[in-house]
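Chains A and B are the protein sequences, given in the same order. With our numbering, the residue at position 218 of the first sequence is 218, and numbering never jumps. With our numbering, the residue at position 279 of the second sequence is 279, and numbering never jumps.
Source of the hints: derived by calculation from the structure; they are not laboratory data. These numbers were taken from a predicted model, which means no experiment stands behind them. All C-beta atoms, glycine included, are put in the ideal place defined by N, C-alpha and C. Be a bit skeptical, because a hint or two may be false.
Claimed, not checked - A few chain A residues facing chain B, derived, Cβ under 7 Å:
{"hint": "1", "residue": "P18"}
{"hint": "2", "residue": "A25"}
{"hint": "3", "residue": "M28"}
{"hint": "4", "residue": "S61"}
{"hint": "5", "residue": "A127"}
{"hint": "6", "residue": "P129"}
{"hint": "7", "residue": "P202"}
{"hint": "8", "residue": "W214"}
{"hint": "9", "residue": "M217"}
{"hint": "10", "residue": "A220"}
{"hint": "11", "residue": "P223"}
{"hint": "12", "residue": "F225"}
{"hint": "13", "residue": "T244"}
{"hint": "14", "residue": "L247"}
{"hint": "15", "residue": "A248"}
{"hint": "16", "residue": "F315"}
Number of protein chains: 2
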Amino acid sequence: MNRFEPNLRIPGPTALPPSVRAAGARQMINHRGPEFAAMLDRILTRMKPYFGTTGDMAILSCAGTGGLEAAVVNVLSPGDRVLAVSIGAFGDRFAKIATTYGADVTKLAVEWGEAADPAEVRAALAAEPAPGYKAVFLTHNETSTGVMNPIPEIAAAIREVDDNALILVDSVSALGAVPFEMDAWGIDIVITGSQKAWMAAPGLAMVAASDRAWAAMETATMPRFYLDLHAHRDSHAKGQTPWTPALAVVYQVDEGLELMEREGATAVFARHETCAAAARAGLRALGFELFADQRFASRTVTAVRLPEGLDWKAFNDGVKRRGVILAGGQGKIAGHIFRLGHLGSVTLAEMLDAIGVIEEVSLEHDRPVEAGAALAAAQRAALEVMGALAPVKA
Amino acid sequence: MNRFEPNLRIPGPTALPPSVRAAGARQMINHRGPEFAAMLDRILTRMKPYFGTTGDMAILSCAGTGGLEAAVVNVLSPGDRVLAVSIGAFGDRFAKIATTYGADVTKLAVEWGEAADPAEVRAALAAEPAPGYKAVFLTHNETSTGVMNPIPEIAAAIREVDDNALILVDSVSALGAVPFEMDAWGIDIVITGSQKAWMAAPGLAMVAASDRAWAAMETATMPRFYLDLHAHRDSHAKGQTPWTPALAVVYQVDEGLELMEREGATAVFARHETCAAAARAGLRALGFELFADQRFASRTVTAVRLPEGLDWKAFNDGVKRRGVILAGGQGKIAGHIFRLGHLGSVTLAEMLDAIGVIEEVSLEHDRPVEAGAALAAAQRAALEVMGALAPVKA
């Protein structure tokens with residue numbers, strides 16, 4: 001980050017590290033040759049531990065939404081009962097895809113800003129007559145609200161009452177940034193996207209499936225061709241993709257994983273936690289009300305309510321003019337919040353820069369801000385996560 | 001091209017020009033901001049003339065196969081009668097997608113290496129009881145055989161007997177390299193892909209639709225979400241894409257179109273014609289039998305039969321060692337042909353290099369080749385297309 005390049009603080013696409021950018025400029029190769037096969041193998045090998053699986057996964061050339069669609073259409077049949085737990089815009093989207101393909105969807109809609117309550121999910125499953133739901137949809141990190149669902153707790157609650165339901169988890173904007181253990185937690189499908197924690201450009205969705213999910217694909221009858229996961233698994237086994245892959249993005253994901261390998265997963269997770277803590281503390285010190293229930297605050301994106309009377313357009317223009325790119329709200333909370341992304345290549349320096357710029361513009365807009373206090377708060381919060389300070393009470 | 005970089009002569013992904021490679025290394029931006037909107041608008045404006053349309057088109061983040069699927073599922077309903085004219089592996093794939101989604105497909109299978117006969121297509125349509133086929137599928141350039149169908153003649157033949165059938169054309173590996181006039185020819189949907197004539201990495205499919213096709217989408221009931229063309233059209237009107245686009249590839253397509261703009265469409269087409277003529281003449285002079293009916297030889301890829309007794313693996317290894325990357329056969333002719341791609345950024349110099357290397361390896365394999373004759377033939381054929389020589393009889 002420097003002032004000759006914007007500080008891209010949207011929750012994806014995320015800023016690319018220099019070596020990832022360089023990878024995007026590589027010349028094309030034969031995607032049916034040995035060089036591609038070696039790269040694909042390397043990516044699969046390095047990515048699976050982030051899913052927490054030893055099973056098979058597929059790399060699809062599409063956006064995260066295509067990955068969600070792949071999850072739905074490969075394991076479900078029209079008429080299948082689905083419990084879609086939605087805590088925001090992406091949970092709604094997941095449900096809508098299933099409805100579009102003829103699933104019989106019951107939505108468990110949680111108030112935006114809140115996480116799903118494991119007990120409520122368990123109750124919803126218990127209330128369903130036999131044979132129960134065919135699948136439960138969960139959003140790991142709800143990008144639209146900055147809430148991260150407690151997936152292991154919810155999955156455990158599901159399994160208490162239902163051993164058979166497939167659990168599908170949209171982790172597009174979380175996987176790679178926080179620990180995940182799909183095998184251990186009994187999750188059946190997990191989806192992520194190249195432009196989030198993986199530090200690459202958008203264009204690839206990665207989908208991992210449990211043995212039970214792979215088996216469900218044998219009988220699922222929703223139509224699929226481009227997004228057929230079996231075709232991808234068969235092709236991956238030969239070091240290829242069934243259709244021409246988004247090769248430049250494959251190069252970038254390969255390089256992103258190389259950087260993550262060097263940093264180490266634990267350090268990657270700690271960096272995200274540190275940046276998230278700095279974001280929350282800094283924004284709070286600037287007088288913004290955090291949108292998410294802070295017990296379930298996302299480690300990859302922070303949403304805050306727009307204060308009464310703030311001219312968001314003018315405010316955001318001021319922030320943008322200073323090189324910091326924020327995201328507005330999505331869906332029904334557009335115009336009511338703004339979001340600060342902190343995932344992928346994010347560094348504490350970038351968070352401090354963003355907080356500093358937001359403070360500067362806040363002063364310009366006569367908001368009641370004590371100069372420097374937000375940066376001090378952000379730094380203290382970060383140091384606390386790093387273990388360099390004793391815990392500070394909020 | 002130089003010997004420090006392979007001469008990638010597969011029919012896509014095609015080699016990227018330096019400025020396109022550089023575009024692939026650009027930093028991410030907000031895909032919901034004004035910079036993206038301007039880029040999208042520029043791409044749509046520059047690309048439509050290559051389709052020969054003033055109608056609306058969509059840019060999807062997927063491979064060409066995803067574009068074919070989008071064409072199918074947006075305008076058809078399960079049970080719809082479809083005439084799928086197939087002249088090779090990609091024609092078969094187009095038909096299979098429709099079958100997968102429940103269309104009632106009649107395949108008009110043409111012998112591989114041949115083009116579709118307009119009279120046969122007309123007869124097939126005439127034989128169908130009222131109300132006739134809902135759609136006819138055509139492949140413009142069959143990448144697997146090196147045959148280019150005479151689309152205007154086939155479309156005219158269709159219209160002689162059927163005013164209503166939607167005509168869907170897979171032009172993934174042709175559009176941008178040869179003239180096309182979808183509005184004038186009465187074509188309803190045309191699909192192309194970023195990694196072919198457009199000189200960019202794979203990852204984007206571009207789909208243009210006629211007013212009639214857009215209207216058909218209102219009632220078509222095949223399920224679609226990620227590939228929904230209406231969602232793309234609505235989003236494009238706001239300078240966005242409905243889902244996160246493969247941004248790095250969008251940068252590259254934008255730059256590829258900039259290069260095509262500077263070169264001029266007429267010159268781009270002439271360059272492809274020149275390179276194709278050189279490829280055919282050179283390979284023929286090397287004693288290879290061209291696979292395609294030469295009246296319908298593709299201007300973007302040339303396929304030749306593997307001669308009896310030639311050890312293709314050893315031969316191809318020799319070619320590859322010298323830096324030229326050829327493509328083998330696909331589908332049922334795998335092991336029987338090889339293919340030399342000449343599309344996108346291709347130059348005559350690259351064709352001469354490829355011919356020279358194939359000659360060198362041919363000599364090594366004791367094939368009856370006169371040293372230098374193939375290059376002379378290729379050069380003469382190219383000069384003839386350029387108008388620098390009087391026509392030479394083959």
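Structure-based check of all given hints:
{"no.": "1", "hint": "P18", "result": "violated, 9 Å"}
{"no.": "2", "hint": "A25", "result": "holds, 4 Å"}
{"no.": "3", "hint": "M28", "result": "holds, 4 Å"}
{"no.": "4", "hint": "S61", "result": "holds, 5 Å"}
{"no.": "5", "hint": "A127", "result": "violated, 28 Å"}
{"no.": "6", "hint": "P129", "result": "violated, 27 Å"}
{"no.": "7", "hint": "P202", "result": "holds, 4 Å"}
{"no.": "8", "hint": "W214", "result": "violated, 19 Å"}
{"no.": "9", "hint": "M217", "result": "violated, 14 Å"}
{"no.": "10", "hint": "A220", "result": "violated, 13 Å"}
{"no.": "11", "hint": "P223", "result": "holds, 5 Å"}
{"no.": "12", "hint": "F225", "result": "holds, 5 Å"}
{"no.": "13", "hint": "T244", "result": "holds, 4 Å"}
{"no.": "14", "hint": "L247", "result": "holds, 5 Å"}
{"no.": "15", "hint": "A248", "result": "holds, 4 Å"}
{"no.": "16", "hint": "F315", "result": "violated, 16 Å"}
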